[in-house]
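Engineer: Spelled out, the chains give:
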Amino acid sequence: MEHYNMNLTLKVWKQKNNKDKGRFETYKVKDISSEMSFLEMFDVLNEQLIAEGKEPVAFDHDCREGICGMCSMHIDGRAHGPWHETTTCQLHMRQYKDGDTIVVEPWRANAFPVIKDLVTDRTSFDRIIQAGGYISVNTGNAVDANSLPIEKQKADEAFAAAACIGCGACAAACPNASAMLFVSAKVSHLALLPQGDPERKMRAMNMVNQMDKEGFGSCTNIGACEAECPKGISLENIARLNREYLGAVFSGSSNE
Amino acid sequence: MPLNSKIPAGELNKKWEDYKSSCKLVNPANKRSLEILVIGTGLAGASAAAALGELGYKVKTFCFQDSPRRAHSIAAQGGINAAKNYQNDGDSVHRLFYDTIKGGDYRAREGNVHRLAEVSANIIDQCVAQGVPFAREYGGLLSNRSFGGTQVQRTFYAAGQTGQQLLIGAYQALERQIALGNVTQYSRHEMLELVTIDGKARGIIARDLVSGKLERFFGHAVLLCTGGYGNVFYLSTNAMGCNVTAAWKAHKKGAFFGNPCYTQIHPTCIPVSGDHQSKLTLMSESLRNDGRIWVPKAQNDTRKPGDIPEEERDYYLERRYPAFGNLVPRDVASRAAKERCDAGYGVGASKMAVYLDYAAAIERYGKIEVGKQGIANASKETITQLGKDVVKEKYGNLFDMYAKITGENPYEVPMRIYPAVHYTMGGIWVDYELMTTVPGLYALGEANFSDHGANRLGASALMQGLADGYFVIPYTLGNYLADDIRTKSIPTDHPAFAEAEKSVSDRINKLMNIKGKESVESFHKRLGKIMWDKCGMARNAEGLKQAITEIQALRKEFWSNVFIPGDVDEFNPELDKAGRVADFLELGELMCHDALNRNESCGGHFREEYQTEEGEALRQDDGYMYVAAWEYKGESQFELHKEELIYDVVHPSARSYK
Amino acid sequence: MNWKQAFSTSIGKKLQMSLTGLFLILFLVVHCYINAQIFWNDGGKKFEEAAHFMGTNFIIRTVEIGLTFFLLLHIFQGLNLWLRNRSKRSVRYAVSAGSETSAWYRRSMGILGSLLLIFLVIHTSKFWIPNRASQIAGNGELPLYEMMKHEFQYLWVVVIYVLGCITLAWHLVHGFWSSFQTLGLTTHRYKGIINAIGVAFAIIVPAIFALMPIAFHLGWIS
Numbered sequence: 002m003e004h005y006n007m008n009l010t011l012k013v014w015k016q017k018n019n020k021d022k023g024r025f026e027t028y029k030v031k032d033i034s035s036e037m038s039f040l041e042m043f044d045v046l047n048e049q050l051i052a053e054g055k056e057p058v059a060f061d062h063d064c065r066e067g068i069c070g071m072c073s074m075h076i077d078g079r080a081h082g083p084w085h086e087t088t089t090c091q092l093h094m095r096q097y098k099d100g101d102t103i104v105v106e107p108w109r110a111n112a113f114p115v116i117k118d119l120v121t122d123r124t125s126f127d128r129i130i131q132a133g134g135y136i137s138v139n140t141g142n143a144v145d146a147n148s149l150p151i152e153k154q155k156a157d158e159a160f161a162a163a164a165c166i167g168c169g170a171c172a173a174a175c176p177n178a179s180a181m182l183f184v185s186a187k188v189s190h191l192a193l194l195p196q197g198d199p200e201r202k203m204r205a206m207n208m209v210n211q212m213d214k215e216g217f218g219s220c221t222n223i224g225a226c227e228a229e230c231p232k233g234i235s236l237e238n239i240a241r242l243n244r245e246y247l248g249a250v251f252s253g254s255s256n257e
Numbered sequence: 209m210p211l212n213s214k215i216p217a218g219e220l221n222k223k224w225e226d227y228k229s230s231c232k233l234v235n236p237a238n239k240r241s242l243e244i245l246v247i248g249t250g251l252a253g254a255s256a257a258a259a260l261g262e263l264g265y266k267v268k269t270f271c272f273q274d275s276p277r278r279a280h281s282i283a284a285q286g287g288i289n290a291a292k293n294y295q296n297d298g299d300s301v302h303r304l305f306y307d308t309i310k311g312g313d314y315r316a317r318e319g320n321v322h323r324l325a326e327v328s329a330n331i332i333d334q335c336v337a338q339g340v341p342f343a344r345e346y347g348g349l350l351s352n353r354s355f356g357g358t359q360v361q362r363t364f365y366a367a368g369q370t371g372q373q374l375l376i377g378a379y380q381a382l383e384r385q386i387a388l389g390n391v392t393q394y395s396r397h398e399m400l401e402l403v404t405i406d407g408k409a410r411g412i413i414a415r416d417l418v419s420g421k422l423e424r425f426f427g428h429a430v431l432l433c434t435g436g437y438g439n440v441f442y443l444s445t446n447a448m449g450c451n452v453t454a455a456w457k458a459h460k461k462g463a464f465f466g467n468p469c470y471t472q473i474h475p476t477c478i479p480v481s482g483d484h485q486s487k488l489t490l491m492s493e494s495l496r497n498d499g500r501i502w503v504p505k506a507q508n509d510t511r512k513p514g515d516i517p518e519e520e521r522d523y524y525l526e527r528r529y530p531a532f533g534n535l536v537p538r539d540v541a542s543r544a545a546k547e548r549c550d551a552g553y554g555v556g557a558s559k560m561a562v563y564l565d566y567a568a569a570i571e572r573y574g575k576i577e578v579g580k581q582g583i584a585n586a587s588k589e590t591i592t593q594l595g596k597d598v599v600k601e602k603y604g605n606l607f608d609m610y611a612k613i614t615g616e617n618p619y620e621v622p623m624r625i626y627p628a629v630h631y632t633m634g635g636i637w638v639d640y641e642l643m644t645t646v647p648g649l650y651a652l653g654e655a656n657f658s659d660h661g662a663n664r665l666g667a668s669a670l671m672q673g674l675a676d677g678y679f680v681i682p683y684t685l686g687n688y689l690a691d692d693i694r695t696k697s698i699p700t701d702h703p704a705f706a707e708a709e710k711s712v713s714d715r716i717n718k719l720m721n722i723k724g725k726e727s728v729e730s731f732h733k734r735l736g737k738i739m740w741d742k743c744g745m746a747r748n749a750e751g752l753k754q755a756i757t758e759i760q761a762l763r764k765e766f767w768s769n770v771f772i773p774g775d776v777d778e779f780n781p782e783l784d785k786a787g788r789v790a791d792f793l794e795l796g797e798l799m800c801h802d803a804l805n806r807n808e809s810c811g812g813h814f815r816e817e818y819q820t821e822e823g824e825a826l827r828q829d830d831g832y833m834y835v836a837a838w839e840y841k842g843e844s845q846f847e848l849h850k851e852e853l854i855y856d857v858v859h860p861s862a863r864s865y866k
Numbered sequence: 007m008n009w010k011q012a013f014s015t016s017i018g019k020k021l022q023m024s025l026t027g028l029f030l031i032l033f034l035v036v037h038c039y040i041n042a043q044i045f046w047n048d049g050g051k052k053f054e055e056a057a058h059f060m061g062t063n064f065i066i067r068t069v070e071i072g073l074t075f076f077l078l079l080h081i082f083q084g085l086n087l088w089l090r091n092r093s094k095r096s097v098r099y100a101v102s103a104g105s106e107t108s109a110w111y112r113r114s115m116g117i118l119g120s121l122l123l124i125f126l127v128i129h130t131s132k133f134w135i136p137n138r139a140s141q142i143a144g145n146g147e148l149p150l151y152e153m154m155k156h157e158f159q160y161l162w163v164v165v166i167y168v169l170g171c172i173t174l175a176w177h178l179v180h181g182f183w184s185s186f187q188t189l190g191l192t193t194h195r196y197k198g199i200i201n202a203i204g205v206a207f208a209i210i211v212p213a214i215f216a217l218m219p220i221a222f223h224l225g226w227i228s
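Taken in order, these protein sequences are the chains called A, B and C. Anchor point for the first sequence: position 75 equals 76 in this note's numbering, and the numbering is continuous, going up by one each time. Anchor point for the second sequence: position 587 equals 795 in this note's numbering, and the numbering is continuous, going up by one each time. Anchor point for the third sequence: position 32 equals 38 in this note's numbering, and the numbering is continuous, going up by one each time.
If you're looking for bench data, these hints aren't it; they were derived computationally from the structure. The structure presented is a predicted model; accordingly, all values stated were derived computationally and were not measured. Treat each hint with caution, since some may be false.
[Stated by the list, open to error] If you anchor each label on the Cβ, the simulated ranges turn out as follows: (1) A:N147 with B:E616: 37 to 47 Å; (2) B:D226 with C:Y196: 56 to 66 Å; (3) C:R67 with A:P83: 34 to 44 Å; (4) B:S768 with A:K20: 28 to 38 Å.
Glycine included, each C-beta is placed from N, C-alpha and C at the ideal position.
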C-alpha cells in the first residue's frame, strides 16, 4: 500500500450544549497520513486546537476497533462515513485525497439529543432494551448448555442479528429517524432462539411501544438503515419484528 | 497489617463447596435495604449488578461511557474457556485449573483458580440460557476450539465477537434489573473518590461527565469492576477510555495493589504504523490455530513475503516449541517475536513485525474441501479458492478488520503482526472473597489481581469476569453484609462525603488552573514511551531505576505545564483524560517499583537478568513465590506486603512448552 | 394490548398503510381488468357491460364504500406518517447523501402519494364522480366509453394521465414490496419472489392504464 500525506478542510458541527443552537466551524488540518484512522485525524485536529488555546471538538469514541458502538459521526452525509459496513473508527484516511473538504455532523434525530458538538445522548436505546430486550432468567438457574440443541442455521441467524453494536447509525441514517433496525435486531436475536420464546409477544409489543415513546419515527421500509449499518444487520429482521408484532396482536399478547 | 487471603481450609476441590454452604446469608427483607455501588459495567460489573439485583439488593451502577454495553469486554474476540469436556478430549475441572496455574507461571492462588475452574461450566449454561448465540455444530450442540497454552478444545466462541455477545448477555440481564427497579444506572459518570467511614468503604464521589457536577453516593459496599490499566502504556489494545482512576483512588484510600508489574503483551496485534497511532488492534489468538508465524532466515531480508522460498523461512515457534508450536502461551510467543525482531529478522517497513501466514491453512482446507466435494484433478486455483472460503467462514471478520486497517488483503499476503499491551494480570489485591484490604470494598474481573498469576491464558479473562460477577460475589458479599444489616443508609451530608468531595473538587480546580502549554495527550504519550521501553516486554534493573526517575520528573512537569481547555462545569473530555493521565503517572511509578523488586522472570514479567541460556524466563521460586501487595504511603512511597503462595496440589516446575 | 392500541403504534400505523395498500392493489387489478375491455375494440360494448355491472351490482357498490374508506384512510395515514416522521428530526442534516444509501422512490412515497392524490382528484372528477352523481340524481349511468373517447382527444389530458401512471408505477415499486415487508412476509425465502412480482406488477398495471388514453388519442381504438 502506497502511503501519502494530505491537507484537508473540515467543516465540523460545534454546539456548546443541548441549549445552544450550534453552527459549523471550518478547520484546516495538514500532513494527514493516509494510514491514519478517521478518528486519529480528529486527534490531530484536536491537538492542533489545544495548541492554539482553542476548545477541541468533542466526539464519542472508545474501543476504536469497530465493536463498542460509541463512535458516531455523520460524514459527508453518511452515517459512519462512506465505507460499507464500517464504523467511523475503522474508516481510514486513504479514502481521501489532498485538498478534500469533509463535512462532519452529529447523529441527528430528536431521540438522540446533542450533548456537545458531535456527541449525542443515545440512552433511548438502553430504555428500549429495558422494555424487554432480554430473556428473564436469573443467575444460577440454567440447565446444561447442551441440553437444548439449536439448529445451526437458526443460531447463526440469531448471531447475525445479535451482532448489532447499538451505535444508532440506523436511526441516524433513516429519513424517518426510525429505530426499527435496532429494535428488530434485538427482537430477532431473541425470537430466533428457543430460550426467547416464552416472552416473545410481550417483548415485541413493549419494545415497539418504548421505541415510539422515545420519539423515533416509524419505518417506511426505505432501507437506508441496512445500507448504513456497520454490522450488516439485514432488513429481514424488520420483517421478522413485524411478524412478531402481528403475532402478538392477533393472538393476544400475554400481558393482557 | 498481615495479609489474610481467607482461603478456606480443607481439600482444594471442596473449598468453594464448603464456603458456599457455610457462609452467612442475608434475608430477602434485609437485602432490600442494603445498597451496593458497582463501578464499571463490563463483564464483571454488569454480571455482578444483575446477579445482585436479582437477589434483591439495591444496586447502582456507574460507567463513564454512554451505555453499559460499551465496556471494553465487548472487544474480546476469541472465546471463553469452560471445563465442559464436550469434546471428550480429556478436559476436566482439574485440568483447567492446572493449565491456568501453569499458564500463570505458578504465581496465582490455588484456591481462587480452582474455584474459577469449578464455576466455568455454569457460566456457559447461564450464558446460553440468556440467549448468547455461541457457535454451534450442525447437530445443534455447542462448538469448541483450541487456544494457546492448552492441549484440549475447551473454548466456546461466537465467531470473533465472543466478548461482545457475552457482554450483551450480561447487559441485557442488567437492563432487566433496571426495568424491575432493582438497579439504577448512571452512565457518563466517573468515580473520582472512594468514601470511607470508620475504615469501611461507604460510598463514592462521582462526576457527571455531562454537567461536570460532583455527586455523592452512599453504599453499604462498593464493587470495583473497572478493568485493567494497560493504557498506562498509551498504546495498547485497550479502549481509549480504559483507565486506572477508580482503582487508584481506592489504592490511595488503603486498598493494596497486587503485582502491578504483571502485564500481558499479546503476540498478535497489528503493528504500529506511525506516530499518529492512538491505539493498537488485536488480531484474535484463535488465528494462531491455523496461521503459521515466521520471519525470513536472513537478516534484513527486503524481499516480498511471497518471494521468499519455503526453505528460507524460519517458523521460529514451531522450531523452538515443537510440542505447542504456534499455540504456545502469549508471553512466550510475544517474547519470541521480540527476540527475532531485535535480532534483525523483523519484516515490514518498521522491521518491527513478523508474518502470520495463512497460505498453508488455505491450501490444507482447500484440499479437504476438494476431497469432501469429490472434485477430481482440482486445479491449484480451485483448491486455493475453496480454502479461502473456509478461512473466510472461520475468520472472515478478523481478516476484514486487518484489511480495513492496513489496506492489505490478508488472503493474498501474510499478515504482519507484533506484540502489544493487552491485559493486566496485576490489580487491586483481594482475598478469596474478592474483598480488598478496605472492608466493604471489592474488586472483580481484570481490576483485581487474583486468578491469572503472572500470565493469563487466552479465553480466560471473560471466564474470570463472569465467574466473579455471576457466581462468586453473590455469596461472598452476603457473607460480609450479613453483619451490616443494622447499618442504616448514611446520609451523604456526612462529613466524610463532604471531605471527599472537597478533595476531588480541589484536585480538579488545581488541574484546570495549571494552564500550561502541553496537552494531556502529549504527556500520556511520553509516559507510554517510558513504560514501553523500560517496563514493557523486557525489563532490567537499570532501566527500571531510570524509568522511576523519568516518571517522577514527567509527573512534576505534568502538574506544572499541562493545558486543559474548557470549563469544569461542562462536558469536557480533556479534563476527564487529564485526571486519568495524572493517575497513570503515579501508577507507572509503582509498576516500575514492583518490576524492580521482583528479581526473577515469570510470565509476562521478563527481567533480562533472569533468563536461561536459551532465553526462556527463569523463575526464582525460593525468593519470589509471593504476591507483592503494595500499600500506598504517600507520593512515591509504597510499602511492600508479601502474601506467600502455597501450592498444596500443583508442584511448581519450570514451565515448558517444548 | 387492545385492538385500538395495536393499530396506533408506529408499526400499527404502518399496518394500516399496508392493509389498505394491498386492498388498493386488488382494486387496481379489478379496475385495470374492467378498463382493459376497451382493447376488444368493439365500440366499447364489453367495457360498457362490465362498467354497468360494476356500477349497479349491490355487492360491488357496498365494497366500493369500503374502498372509499380505505382509500381515505390510506391517504390520511400516509400524510400523517409523512408529517409525523418529518417531525422526528427537527434539525436536519446539512449534507445528505441519501441516494448512496437508498433509492429515491423509497424515500419519496409521501411526494409520490401526494402527486397521485392530485391525479386522483382530476381523474375522479372526470369520470367516477359525475357518473355516481348522475346515478344518485336518478338519471342513470353516463356513457363512460364515449366520455373517455372525448376526453382523450386532448393531448394535455393524455399527458396528465401518462404522468399519473408513471407516478403510480414508482409508488407501486416501493408500495407493493413494502406492504409485504410490513406484514412480515418478506422472509429470506420469499423476499426475492415478492420483490420480483412487485416490480412486474408496478410496470405492467400502470403500463396498461397508460395505454388507454394513448390508444384513444392515437386512434388505435375507434
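Engineer: Look at each hint and say if it fits the structure.
Structural biologist: To see whether the hints hold, each was checked on the structure:
1. A:N147 with B:E616: 37 to 47 Å: holds, 40 Å
2. B:D226 with C:Y196: 56 to 66 Å: holds, 59 Å
3. C:R67 with A:P83: 34 to 44 Å: The hinted range 34 to 44 Å is violated for R67 of chain C and P83 of chain A, with Cβ atoms some 56 Å apart.
4. B:S768 with A:K20: 28 to 38 Å: holds, 36 Å
In this structure, the one hint that does not hold is number 3.
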